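Peer 1: Full structure from sequences and hints, please.
Protein chains: 6
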Amino acid sequence: MQETSQNQQLSHLNESGEAQMVDVSGKQPTRRQAVAAGKIKMSSATFAAIEVGNTPKGDVLGTAKLAGIMAAKQTANLIPLCHPLPLHQIEVQIIPDQELPGYQILATVTTKAETGVEMEALTAVSVAALTLYDMAKALEKGMVIESISLVSKTGGKSGDYLAIPKPR
Amino acid sequence: MQETSQNQQLSHLNESGEAQMVDVSGKQPTRRQAVAAGKIKMSSATFAAIEVGNTPKGDVLGTAKLAGIMAAKQTANLIPLCHPLPLHQIEVQIIPDQELPGYQILATVTTKAETGVEMEALTAVSVAALTLYDMAKALEKGMVIESISLVSKTGGKSGDYLAIPKPR
Amino acid sequence: MQETSQNQQLSHLNESGEAQMVDVSGKQPTRRQAVAAGKIKMSSATFAAIEVGNTPKGDVLGTAKLAGIMAAKQTANLIPLCHPLPLHQIEVQIIPDQELPGYQILATVTTKAETGVEMEALTAVSVAALTLYDMAKALEKGMVIESISLVSKTGGKSGDYLAIPKPR
Amino acid sequence: MQETSQNQQLSHLNESGEAQMVDVSGKQPTRRQAVAAGKIKMSSATFAAIEVGNTPKGDVLGTAKLAGIMAAKQTANLIPLCHPLPLHQIEVQIIPDQELPGYQILATVTTKAETGVEMEALTAVSVAALTLYDMAKALEKGMVIESISLVSKTGGKSGDYLAIPKPR
Amino acid sequence: MQETSQNQQLSHLNESGEAQMVDVSGKQPTRRQAVAAGKIKMSSATFAAIEVGNTPKGDVLGTAKLAGIMAAKQTANLIPLCHPLPLHQIEVQIIPDQELPGYQILATVTTKAETGVEMEALTAVSVAALTLYDMAKALEKGMVIESISLVSKTGGKSGDYLAIPKPR
Amino acid sequence: MQETSQNQQLSHLNESGEAQMVDVSGKQPTRRQAVAAGKIKMSSATFAAIEVGNTPKGDVLGTAKLAGIMAAKQTANLIPLCHPLPLHQIEVQIIPDQELPGYQILATVTTKAETGVEMEALTAVSVAALTLYDMAKALEKGMVIESISLVSKTGGKSGDYLAIPKPR
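Going line by line, the protein sequences match chains A, B, C, D, E and F.
With the working numbering, letter number 100 in the first sequence gets 107, and the count goes up by one each step, no holes.
With the working numbering, letter number 33 in the second sequence gets 40, and the count goes up by one each step, no holes.
With the working numbering, letter number 43 in the third sequence gets 50, and the count goes up by one each step, no holes.
With the working numbering, letter number 10 in the fourth sequence gets 17, and the count goes up by one each step, no holes.
With the working numbering, letter number 126 in the fifth sequence gets 133, and the count goes up by one each step, no holes.
With the working numbering, letter number 56 in the sixth sequence gets 63, and the count goes up by one each step, no holes.
Derived by calculation from the structure, the hints in this document are not laboratory data.
Note that the structure is a prediction, hence the values are computed from the model and not measured.
Treat the hints with care, since some could be wrong.
No copy labels: a pair is met if it fits in one copy or bridges any two.
[Claimed, not checked] Cut-off 25 Å, straight-line C-alpha distance, at most; resulting in silico cross-link-like pairs (DMTMM-like, lysine to aspartate or glutamate): (1) K34 <-> E147; (2) K46 <-> E106; (3) K164 <-> E147; (4) K64 <-> D30; (5) K164 <-> E153; (6) K64 <-> E147; (7) K34 <-> E153; (8) K148 <-> D167; (9) K46 <-> E58; (10) K64 <-> E121; (11) K48 <-> E58; (12) K119 <-> E147; (13) K119 <-> E106; (14) K148 <-> E106; (15) K148 <-> E58; (16) K164 <-> E106; (17) K34 <-> E121; (18) K48 <-> D104; (19) K48 <-> D30.
Peer 2: Have a look at this one:
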């Protein structure tokens with residue numbers, strides 16, 4: 008409790024001055040993998056149009072996947088305190104979900120490095136969803152991106168993480 | 008109906024070949040503004056820690072805002088078929104919401120150009136949310152980004168758009 | 008003639024010192040369009056594998072097109088003395104050519120600006136070709152990129168340009 | 008005075024929350040030019056080695072100039088609240104100064120836009136100086152970059168600016 | 008044959024969905040080197056002007072070399088499924104060839120990593136050639152970039168590769 | 008002495024052709040750290056306004072720090088012959104100095120790699136200073152960035168370096 012109040016004071020004194028990219032040079036490079044998920048909801052009409060490929064800007068899902076993969080490589084440029092890392096695998100899946108209706112998006116990123124790739128996986132999902140929106144926005148501007156979250160992470164000293172699945 | 012089946016065929020023939028950045032050179036440059044919103048949900052404990060500034064990586068909200076602003080400028084590099092445009096204003100607001108608990112994120116982007124800035128506003132919100140996650144993920148990995156959507160767009164020939172507010 | 012010898016001397020004196028991004032602020036923004044072309048040659052077996060979609064990294068042509076479009080937007084970052092411009096259209100076409108065998112690549116870029124977009128069109132063709140190589144290189148490392156050149160440019164005070172077609 | 012204390016309070020409340028890219032969409036695009044300067048000081052031996060081209064990484068001055076020009080185009084990606092603008096001219100000069108000993112660096116940037124290009128000119132000077140350091144650091148690590156400042160700005164409603172020259 | 012038709016079907020089903028950055032985290036980091044080549048053909052007059060340094064935009068060859076080196080570092084951002092890697096050497100050579108007339112371009116890239124650097128070498132050659140075009144295009148728009156190909160690759164489990172030299 | 012004259016000749020012959028990113032693949036990856044410093048001088052009034060947070064663009068110091076951290080990650084894209092490396096720590100400190108008046112800026116960068124991170128630390132300081140200028144330039148255009156230099160470097164075969172402190 009005392010610590011909290013000290014930190015609070017410090018924070019007031021130097022206004023965001025704490026921001027720093029933490030030192031991971033003492034950690035061991037190990038294989039690390041993160042999986043993130045998200046979804047985009049839309050009208051049945053938009054979903055149907057995408058499914059049959061009837062969209063003004065071309066291949067919606069292929070473009071969204073590639074954008075997600077390429078965005079994962081930009082993570083350290085987008086997220087201020089992320090470490091720039093080599094990446095050894097990026098995979099983005101986009102799965103149609105008639106019930107949403109819309110698409111489930113899943114990204115898996117793997118590296119051998121001193122720190123994890125959670126942000127890379129989350130960034131891949133986010134940009135894939137944004138691109139899907141962009142490719143179909145002439146059909147519907149009211150699409151909503153939902154539930155971007157970390158599914159799991161493995162590797163590294165802090166231990167594995169697996170999100171507890173929630174009922175839909 | 009016939010059109011749909013033709014498009015479907017075409018799409019099958021050339022596999023994502025349709026992807027193109029549409030020609031906007033015939034449009035007039037006018038003032039255009041887009042507002043996008045989203046939110047990030049977390050535990051009460053994480054929310055409290057951020058509110059008092061007790062976070063390991065430093066100023067969470069200031070960093071997230073800046074990341075959102077800077078990401079808006081990267082939109083055309085992230086979203087494959089987005090037009091690169093000059094941008095005349097980018098504003099990101101992050102508002103604490105005790106009831107979530109978590110933060111509401113709002114981004115406003117303005118330009119004078121031949122096409123709109125919806126993707127810039129949505130990208131700003133997404134990256135602000137991702138950065139907020141990154142800054143607090145040592146406290147909680149289960150935070151979830153929700154409801155990224157377009158609030159409004161004004162300017163341009165296709166007319167204004169205002170999302171119908173939904174009950175919470 | 009005297010000028011040549013003076014330039015030569017100057018160039019020797021200051022070693023690459025001349026490099027400069029010329030001033031185009033006195034020019035009028037007009038609609039400008041450039042078309043560039045190129046091709047990639049490969050074995051019949053590789054060509055057949057791409058045509059049937061039997062490639063280890065996935066959709067070759069769709070990925071190459073998107074990469075070309077996205078690269079056009081990076082032109083001013085890649086070509087040191089290129090002016091950064093808004094771009095109003097980017098289109099990349101990849102046409103199978105059984106006789107090469109391989110693919111013809113065509114890029115069209117349009118803007119309303121003070122200077123032309125030849126380099127953007129040439130960059131789109133080059134990176135589309137490089138990506139096509141990357142997507143198929145597990146099948147054949149001996150593919151060759153050929154004949155990257157400007158097909159035409161229109162708009163601007165220096166007048167239109169149309170390459171004289173050559174017999175194949 | 009009251010305003011100051013209000014601002015101060017506000018700043019304490021939202022910790023760096025004020026950061027915003029101000030709206031320039033109401034301003035007129037006019038021709039704007041900025042000139043910035045700086046210098047790098049080194050030992051006589053390093054200066055002599057650069058002057059005769061005896062440096063391990065190759066052409067020091069040509070590389071530094073190009074780096075400065077290319078960096079000007081990255082300004083809006085480096086400086087968080089800078090507006091992304093088209094740029095119509097970038098010129099970097101590097102002038103040997105025996106008395107320093109070292110080099111004077113001068114950058115001129117021109118645009119027709121709604122806001123000025125001071126940051127672009129200052130960024131060009133800074134990165135040219137950093138590159139000069141990089142190209143010669145095998146010879147001397149103690150070089151110092153000095154006096155990076157705005158020389159002049161013209162155009163725009165806020166009026167022209169000309170730095171008062173100081174005695175050396 | 009059956010496999011081909013299955014793949015074709017699959018490809019039809021998910022439209023470019025296969026695109027993925029393959030997992031190399033199981034591979035060993037070893038020293039890998041790739042050499043790529045290409046050339047640019049021009050008129051005798053343009054060649055002569057470049058050789059004597061009589062070109063409007065300044066040092067053609069120095070600028071093209073630097074652009075090639077810098078582009079190699081952008082490879083993973085340009086080629087969608089390329090892995091981002093540390094790079095340990097980039098060298099670009101541009102050799103005048105009176106007989107073309109024009110320039111031979113050669114790029115060598117070295118790394119210690121889990122996968123090769125063929126695309127980095129090919130990208131360096133391509134962007135060096137594009138920059139050479141840009142630097143001299145005021146003299147001649149009809150220059151043509153030819154024969155961009157992989158010369159050799161060494162290191163890695165898939166074995167070395169050496170292109171069979173062809174008669175000119 | 009003879010070598011100098013040979014190099015000089017060579018340099019004249021190929022005009023900046025020497026520029027190359029040297030091969031570090033034979034070096035061992037070890038922990039390397041660099042510290043760089045710089046300062047920005049301003050009027051007492053500007054200094055006071057920043058200290059109380061009374062600045063039109065928001066949090067000056069927090070924004071400058073983040074910009075410095077993010078710029079360190081762009082070093083290999085800004086400095087032509089810098090090696091792209093993973094970075095394991097970036098820290099930027101900005102310390103008010105009433106006597107300047109202005110701010111002292113200090114950046115520390117750490118990696119485990121084949122070559123050092125001096126340029127990353129110097130780039131972080133430079134861009135933090137430029138951002139500080141940008142955030143306060145509405146108050147004073149005459150601010151000057153001074154004394155950007157390397158404070159120390161450790162790790163690597165070439166030995167440690169420590170700048171000799173100078174009297175102020």
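Peer 1: Determine for every hint whether it applies to the structure shown.
Peer 2: Going through the hints against the structure:
| no. | hint | in the structure |
| --- | --- | --- |
| 1 | K34 <-> E147 | between (47 Å within a copy, 21 Å between copies) |
| 2 | K46 <-> E106 | both (12 Å within a copy, 23 Å between copies) |
| 3 | K164 <-> E147 | between (45 Å within a copy, 16 Å between copies) |
| 4 | K64 <-> D30 | between (44 Å within a copy, 11 Å between copies) |
| 5 | K164 <-> E153 | neither (30 Å within a copy, 30 Å between copies) |
| 6 | K64 <-> E147 | within (13 Å within a copy, 32 Å between copies) |
| 7 | K34 <-> E153 | neither (34 Å within a copy, 33 Å between copies) |
| 8 | K148 <-> D167 | between (38 Å within a copy, 11 Å between copies) |
| 9 | K46 <-> E58 | within (16 Å within a copy, 29 Å between copies) |
| 10 | K64 <-> E121 | between (40 Å within a copy, 17 Å between copies) |
| 11 | K48 <-> E58 | within (14 Å within a copy, 31 Å between copies) |
| 12 | K119 <-> E147 | between (41 Å within a copy, 23 Å between copies) |
| 13 | K119 <-> E106 | neither (38 Å within a copy, 40 Å between copies) |
| 14 | K148 <-> E106 | within (19 Å within a copy, 28 Å between copies) |
| 15 | K148 <-> E58 | within (18 Å within a copy, 33 Å between copies) |
| 16 | K164 <-> E106 | neither (39 Å within a copy, 34 Å between copies) |
| 17 | K34 <-> E121 | both (5 Å within a copy, 17 Å between copies) |
| 18 | K48 <-> D104 | both (9 Å within a copy, 24 Å between copies) |
| 19 | K48 <-> D30 | neither (39 Å within a copy, 28 Å between copies) |
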